[in-house]
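Peer 1: Given two chains presented individually in distinct reference frames, assemble the corresponding complex, making use of the accompanying hints.
So the sequence lines, in the order shown, correspond to chains U and L.
Per my numbering, the first sequence runs over residues 1 to 374.
Per my numbering, the second sequence runs over residues 375 to 680.
Worth flagging that the hints you see were computed from the coordinates, not collected in a lab.
Built from N, CA and C at the ideal position, the CB exists for glycine as well.
A hint or two may mislead.
[Claimed, not checked] Distance windows between CB atoms, simulated:
| hint | chain 1 | residue 1 | chain 2 | residue 2 | range |
| --- | --- | --- | --- | --- | --- |
| 1 | L | Leu543 | U | Ala33 | 52 to 62 angstroms |
| 2 | U | Arg332 | L | Arg556 | 31 to 41 angstroms |
| 3 | U | Tyr31 | L | Leu564 | 31 to 41 angstroms |
| 4 | U | Leu124 | L | Leu448 | 36 to 46 angstroms |
| 5 | L | Leu448 | U | Ala130 | 35 to 45 angstroms |
| 6 | L | Arg556 | U | Glu182 | 50 to 60 angstroms |
[Unchecked claim] Below, computed lysine-lysine pairings styled on DSS-like, alpha-carbon distance capped at 25 angstroms:
| hint | chain 1 | residue 1 | chain 2 | residue 2 |
| --- | --- | --- | --- | --- |
| 7 | U | Lys207 | U | Lys197 |
| 8 | U | Lys55 | L | Lys462 |
| 9 | U | Lys193 | L | Lys511 |
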Amino acid sequence: MSESLASTEQAMDKESAVRDFFARLRRDSEYIAIPVLALAISAAVFSLFLLAVGKSPIEFFQLVERGGFGTAFSIQNTLQRAAPLILTALAVAIPARIGLVMIGGEGALVIGGFTSAAIAIPMLERVPPAPTLIIMALAGALAGGLWVGLAGLLRHARGVNETISSLLLTYIGVAVMNFFVEGALRDLTNPNKPSTKPLGDAYMLGKIPGTDVHWGLAVGIVIALSLHVLMTRTTFGFAARVTGGNPRAAQAQGLPVGKLIVASAAIAGACAGLAGFFEVAAIQGRANASLAAGYGFTGILVSFLARHNPVAIIFVAILFGGIVASGGLVQRRMDLPDATVLVLQGLTFVILLVSETLYGRFEFFRDARGSERT
Amino acid sequence: MSDSLVVTVLVALLGGALRVSTPFMFVALGECLTEKSGRVNLGLEGTLVFGAMSAYATSYHTGSPWLGVLAAGLAGAALGALHGFVCKLPRVNDIAIGIAMMLFGTGVAFFFGKAYIQPTAPRLGAIALGDWTGDPKVATALQVNPLLLIGLATALIMWWAFANTRWGLVLRMSGDSAPAARAMGVSVDLVRFLATLSGGFLAGVGGAFLSLYYPGSWNQGLSSGQGLMAVALVIFARWNPLRCVAAAMLFGAAGAIGPALQSVGVTQGYYFFNAAPYILTLLIMVASAGSRQASREAPGELSITK
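Pulled out of the complex, with its shape left as it was, chain L reads as follows (with noise of 0.2 angstroms):
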């Protein structure tokens, strides 16, 4: 390859991390807040499909895609409040929960979103970031969505918030130990409900960036499985907002090595490099699983890592 070809591809690897990565940031932040409170939702791969559908058919009957994001919000929150709901019942075991939220939300959402896989509804702008440079494929990569910048945001609040605020503490403590939060009065079940919910809500956001900006259409084929890594992600950050979005963007330009490889040509091994984010996840696990920084990191009451 020459230069300008490495290039290309390198071009092509960042627009495709900053395009890429905002449904992986969104879904993996709303696990993070989720399990620092003590409860896994791997379910999140049927909220971020329900997202999705949800805001694509709001954008569409509306004409307002931000009226989309926060329908696919809600959508998502509807999920996340269910499956709290339920965990809190006694002998409901949380991952079982979540595989069947995730056969449920992709149901629901394939069921209602057969409609939608035809028409177009209006989708979300972009902000050029990269107009300074004169380079039209830089400024290409660098046209980003309003929703990566919020997740931003809400990654540094979430890092912020964890340390220093009353609200953190509690959420932490829940997560620790259980018996301690009690002790202090706080009640751990509505606190695992409310994170569940909010982890849904910013799941079902990322859901509605799949659908309405990257690859900003509907079909049953739209995520394929990015929830479940995103959920996967959470580990690997160990339980860091901030880490989250770092991975998110790992994730990003791993995802864009297929079609970044494509632009310039290079067609074999397609469907390999389809399976690059996959095998990466599972890398990153078996990498990540067995350190003991994780395991010490670990809310203390999470089922996942045990």
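With the rest of the complex left out, here is chain U (with noise of 0.2 angstroms):
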């Protein structure tokens, strides 16, 4: 009698499990689809405005998929794009989850690649590639994390605004390595655009065997994977994911918050300082004003679509990876400005923080469990 109670109340417990497993797959998938709608909608939006100004929309589409994604040229080229994306978005997230809005990715990732360039000029010639590129990614990475730690410091210190803090940080960082490039820096024997000395073809960093794409994306991907890891699996995280929930109960609860903020800062800082130091030894071969090509900006889009989740940063990343590696050829076969990348990035932000305000208006992602239970 009591043998079968218990076998039937096991497997009451093994059918509800199973159900509460669909519940939370239901609930979940809200933070799926919504996002893709907003995608969806951003897409239908960008057509309509590529139709208004005499462009055809199926053409753009097809060439964004044949430039991004069509060819194993193509997608390498992508990953190779995805590689910064997903280091600048890892550096809105972070600070996201702690409750900051942070953008001085951009002027992270500057300030973090001239100073790899440029500690690495003594070094050429003198101490062997593989040391030197470690030791330019660790002044990036510091660099880079000072510069955002600074904008953490400040908001925690003084009340400074860290969102406007990080963005004038940016200008200030790309006047910075503008007056080093264009005066004490300055490669002489480079007449066309002022840049640092080059670190030559046996400094470059590497690919990964087999592709074209260089380690900057598994480094990306390992990174973004451990700090997955970083805010759900330790106190760091617990404690960050409080204070980004309600910074009063976790002071009251006598967590670090003033750490906390620094430390979240400098985290993001370090992950934009280590794209320059990839978009330098990989990619440029030496700093000047093309490290400053978006990237930084794009990462905040990337973050935003996903829901600041460092795992899906990393697909995000390689979506507009695709999208910003078919921008060439969209304007040479279209004959579209260089902007009509930012417009449709643009928009797409706009649309997506619109559809914030779907969350829980639809009846279908509602919590299945609770309402048979009451």
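Peer 2: Structure follows, in structure tokens:
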């Protein structure tokens, strides 16, 4: 008698566990469905925009598909551009978890890239490539971390709005790089574009074996996964999320809110600074104005689309890497200005933020379990 | 530096303060109006750039720079209306929307502006206020644009209206306590929508000054953060339109340091002086953010000072 009761209980437990799983799946799918809906609406609105300026939206999306994902070459090109986007998106996502809107990724990328290029100059020809590259990467991450960490420090110590200060630091970062690149550190043998001394082929970062994609992609993915673990499985991540949810409660609980804010900002800056290192060591070979190519700003959109989830960022970054990579092809074939991608991104961003208002409005995603039990 | 060089630099700084300050002033006044209603519009940088492009294109096609100014205002108002409408929706973060609007505004401006980088559009004229001095340098410095005077008048009117009119009271009440305003039967959403729209109009007009007077041409690097700095200025000016004007003048002078030193042959550190306004803004934010006076005078509903 009691045995059969236990087995029915067990069966019921199993059944309810399965039901719980599907209920949770259904609930969580809202976080994918709504951003995807926002992307679809953005594509539709952007198509109308293209029609209004007399261009074919079908041709546009075909070219994006071909230029971003169509051939082995274009996929590698896309992945090459996804690498800095993963890192600059992480630079937005980590502070966002703690409730900060930090948008200093572009500046940290520029400062990180410049620092790594500058520190390499005295080491070229004297130190072997491998240690040089490691020191460059560390210097880039450190410089980026200090740069955005400053915005975090100002936020904590003085209550300075971190959104404005981090964007101001971006302008300052570009000016600082220009100051050195056009002055003390200018490579005088290169008359075309003010740049630092080139690293030279021997010191360039290699490709992932069997591909044409540099190591930045692998490092970016590893960092994204590690930060995901950090934010979901450690005390630091827990404390950061509590602070993001309710700073006053976190303070009342005795959490070191100030340290958490500064640390999150520094981690963010280090990610973006590392992106700058990869741009210098794997793509440009030197630091110049090309570093400020807008990866920092696209990264903001990537992070918001991924709902600041480090794992989701990897996939969204690849999608936007493709859009950025196909930009040149689209411009040439359709005779569109290079700002076309910027319009698409701005539009998507606005529509995405509007879509936030939809959360909780669809019956389908409601907690099925809760309604059954009451 | 000899005395005459110092004078040259000071005159250039004065001229710079009068010329460079106008867009700062318009954006700061627009942001001041919006923030008084309890909402933040961080996207005014995009509005400024979009306004500059609209003004230049309109002036080029119609031949009338003043129509260009109007077009810039309307373009800014349209962006402001979009911002105001979106912020009204539940669960939408006004800071994030500001960033999105900044990217969107600059993107659209660059997209349509590409065709106007080459051609020359009719520019706004200047009023000579300094001819009586008989010194050509001072006279050049004192050539002011009518928009500067309009900006000053707007600041005075805003300052007076905030304190002395029913509209000013409703605006301040919406900004200080939305529940109180609602209890008085005020539609807080409508007030904020209109304040954001009007703020966008002013910022757009500031853009017209950039493209139609000084520097007086359209290109993608025209604004480079002036709209953002003006937004930061409003906190420093403690939401007072007259202090916004003073702060804008200070910024105009700071922005003129580089060109002023260049005019007397100091070319070193040109890029450092380019960074000066940004660094100054950051220092000012640090100095004013922690002040008790600023937090006392801040509109109570504002998300940016929390």
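Peer 1: All hints, please: hold or fail.
Peer 2: Taking the hints in turn, this is what the structure says about them:
Take Leu543/L and Ala33/U: their Cβ atoms lie about 45 angstroms apart, and the range 52 to 62 angstroms is violated. For Arg332/U and Arg556/L, the hinted distance range of 31 to 41 angstroms is not satisfied, since their beta carbons lie about 55 angstroms from each other. Tyr31/U and Leu564/L have their C-beta atoms about 33 angstroms apart, which keeps the hinted 31 to 41 angstroms range intact. At about 56 angstroms, the CB distance of Leu124/U to Leu448/L disagrees with the hint of 36 to 46 angstroms.
Between Leu448/L and Ala130/U the CB atoms are about 59 angstroms apart, so this pair departs from the stated range of 35 to 45 angstroms. Checking the proposed 50 to 60 angstroms range against Arg556/L and Glu182/U shows it holds: the Cβ atoms sit about 56 angstroms from each other. For the suggested pair Lys207/U and Lys197/U, the alpha carbons sit about 22 angstroms apart, so the restraint of at most 25 angstroms is met. Note on Lys55/U and Lys462/L: the hinted pairing is violated, with a Cα-Cα distance of about 33 angstroms set against a maximum of 25 angstroms.
Distance restraint check for Lys193/U and Lys511/L: the Cα-Cα separation of roughly 36 angstroms exceeds the 25 angstroms cut-off, and the hinted pair is therefore not satisfied.
Hint violations for this structure: numbers 1, 2, 4, 5, 8, 9, all remaining hints satisfied.
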